[in-house]
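2 protein chains.
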Amino acid sequence: MGNVFNFSAGPAGLPKAVMEKAQKELVDWNNLGTSVMEISHRSKEFIQVAEEAEQDLRDLLNIPDNYKVLFCQGGARAQFAAVPLNLLGAAKKATYVDAGYWAESAIDEASKYCQVDTFVAKTEIDGKAAVINASDWKIDPEAAYVHFCPNETIDGIEISELPQTDKPIVADMSSNILSREIDVAKYGVIYAGAQKNIGPAGICIAIVRDDLLELANELLPSFMSYKVLAEKDSMFNTPPTFAWYLSGLVFKWLKEQGGVAAMESVNKQKAELLYQQIDNSDFYVNNVHAQNRSRMNVPFQLAKPELDAVFLEQAAERGLVSLKGHRAVGGMRASIYNAMPLEGVQALVEFMQEFETANA
Amino acid sequence: MGNVFNFSAGPAGLPKAVMEKAQKELVDWNNLGTSVMEISHRSKEFIQVAEEAEQDLRDLLNIPDNYKVLFCQGGARAQFAAVPLNLLGAAKKATYVDAGYWAESAIDEASKYCQVDTFVAKTEIDGKAAVINASDWKIDPEAAYVHFCPNETIDGIEISELPQTDKPIVADMSSNILSREIDVAKYGVIYAGAQKNIGPAGICIAIVRDDLLELANELLPSFMSYKVLAEKDSMFNTPPTFAWYLSGLVFKWLKEQGGVAAMESVNKQKAELLYQQIDNSDFYVNNVHAQNRSRMNVPFQLAKPELDAVFLEQAAERGLVSLKGHRAVGGMRASIYNAMPLEGVQALVEFMQEFETANA
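The listed protein sequences derive, respectively, from chains C and P.
If you count by the working numbering, then the first sequence holds residues 3 to 362, one letter each, in order.
If you count by the working numbering, then the second sequence holds residues 3 to 362, one letter each, in order.
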């Protein structure tokens, strides 16, 4: 098939240059005569890959020295359990801010391990979905930490504020890590499944402040222990080496693009272009208030939902693929992570205009 | 680099034909214009990959219908915790047969969750490492299950017998699954990290008998629950899609080779060739008794260990790579999993003869 712009919510498209490099060296990496996935994780060659990936991520996010960078398995869902099991210590409570589907999934899992103090932050402004201002979030004084999900991929909601608290802030950044500048020092733990903005499914990054490594529950499976992973350089068990390597290639690619600030600038442009197209027409609808619209995941509906299937079909014919909305929301969803070039969004907007003209 | 025979213990070499196919379709899979790792795990295209992989594995191992095949994350080390957390039920004890390094690692982790009744099965016969006959293994009557590791990659020990018990038998087959015929119906749970005989690191297969799905501890992280994984077709969380796809390619390749019986026949040949070379010379030593020599991992020492480095260097010059022994054992180790062709072992044996002639 010809050139394709892939709007998949995850596993998502990876930068084309990265995939082409991976393809070129898939069977003969580093002149070893084997793939990078066919060598020991303890070989000097792989350890260099691992260390460079960590350093590049540290550079990209300006991660302070008192934070460990861990490469975990099991994705964000594993972290939904790992977070309470690693962080509760003697505490019995944690506050979870609920602004959408993934925050709620984290709450479900955490409820197995502690009393979850849920603050429902979902609201409406002018009939549009929005999030209550962080200054109004209520945080339980006995909470061990405050968990939130700053980008909700299904709801299309993004939160640019932080909980106002001196408790450790835990953020599920699976879908917006590296898409905008953040101050890591304000967080206790940041975690992110790779398959949206980092690399392929099967690896998950956790960035953990040193003082939080000593609180683990004794029933925590060792391979999920932040302390064990930190002590073993994320090689307590055999890590998903190919996913680690590919993530490392993405980090290098991000640096070549100018780093996170440069990505944020393009991401803003992409999102504005698409939301403008939606807002400038009665043919397309997005139900999220401007203050909380996600830059990464743009769900939209057709005013004539009976045309959904035709829209998706014609879009795919143009190489605009994986635009179908999540089954919980319907309609369309354009996920426009770092790997989506501006031209992809331009092509989508152009198609949306033509489709409207033909079908309005 | 030219043709290479890769003796890595894991992550190990994959079949060349599989890697070449993966390379060819890495950026444009199934004519979608994207990689298989860049599409939703819930897309019809990926679900077909997932289902075919499961069916092919069922065919290869003749897995009865009352067993679930689960594609897990976290590798065998995750299973070290998942097994007791999924299987103990109301029981407080489990019997673990100890015949080497990996059995002991499983015991360490299980000790967090239950009283481990360890049966030390290691012995010596004629000064060589061996395993006590299974008929003499003592199994605690109160044990919920009996765990053993039929192939010890570091010790080079393989056990072809099964525990003699009516309790569920749990086997860590990470390093010998699909290398020899087995009767799945005799097991409660078989699990195997992929990175030796299945695919790349980052995915782990668990084959679980239906009646064992209902015993989970309530503190078990959901993504590790056999029941949850079974109910969700291993898609409770985003699975490691690329690893799943590659494992599926390996399963198809195994079928093309004639299935497990055919692989077992070649594996026997490979192992016999190598052990004969070792035994026919005083220059090379293997310390495992014939009855328990592993067909998959052949550790051997030089009578003159000061030549280890030269041996490894000259072997690598011939394209015989990753022969260095585990740090706990020293010397050399040739891992000769399914993906290693007979010619690879022939080339190694030829080199060993020449090296002996030059250095004896």
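Keep in mind that the hints are not guaranteed to be accurate.
Identical chains blur together in the list; that is why a pair holds if it fits in one copy or across any two.
In silico DSS-like cross-links for lysine-lysine, where the CA-CA straight-line distance does not exceed 30 Å [stated by the list, open to error]: (1) K130 x K270; (2) K306 x K188; (3) K46 x K306; (4) K94 x K114; (5) K124 x K234; (6) K234 x K140; (7) K23 x K124; (8) K124 x K188; (9) K234 x K114.
These aren't lab readings, by the way, just hints derived from the structure by calculation.
Structure-based check of each hint:
| no. | hint | in the structure |
| --- | --- | --- |
| 1 | K130 x K270 | within (21 Å within a copy, 68 Å between copies) |
| 2 | K306 x K188 | neither (44 Å within a copy, 57 Å between copies) |
| 3 | K46 x K306 | between (58 Å within a copy, 26 Å between copies) |
| 4 | K94 x K114 | both (11 Å within a copy, 21 Å between copies) |
| 5 | K124 x K234 | between (40 Å within a copy, 29 Å between copies) |
| 6 | K234 x K140 | neither (37 Å within a copy, 35 Å between copies) |
| 7 | K23 x K124 | neither (43 Å within a copy, 48 Å between copies) |
| 8 | K124 x K188 | within (23 Å within a copy, 52 Å between copies) |
| 9 | K234 x K114 | both (28 Å within a copy, 20 Å between copies) |
In this structure, the hints that do not hold are numbers 2, 6 and 7, in rising order.
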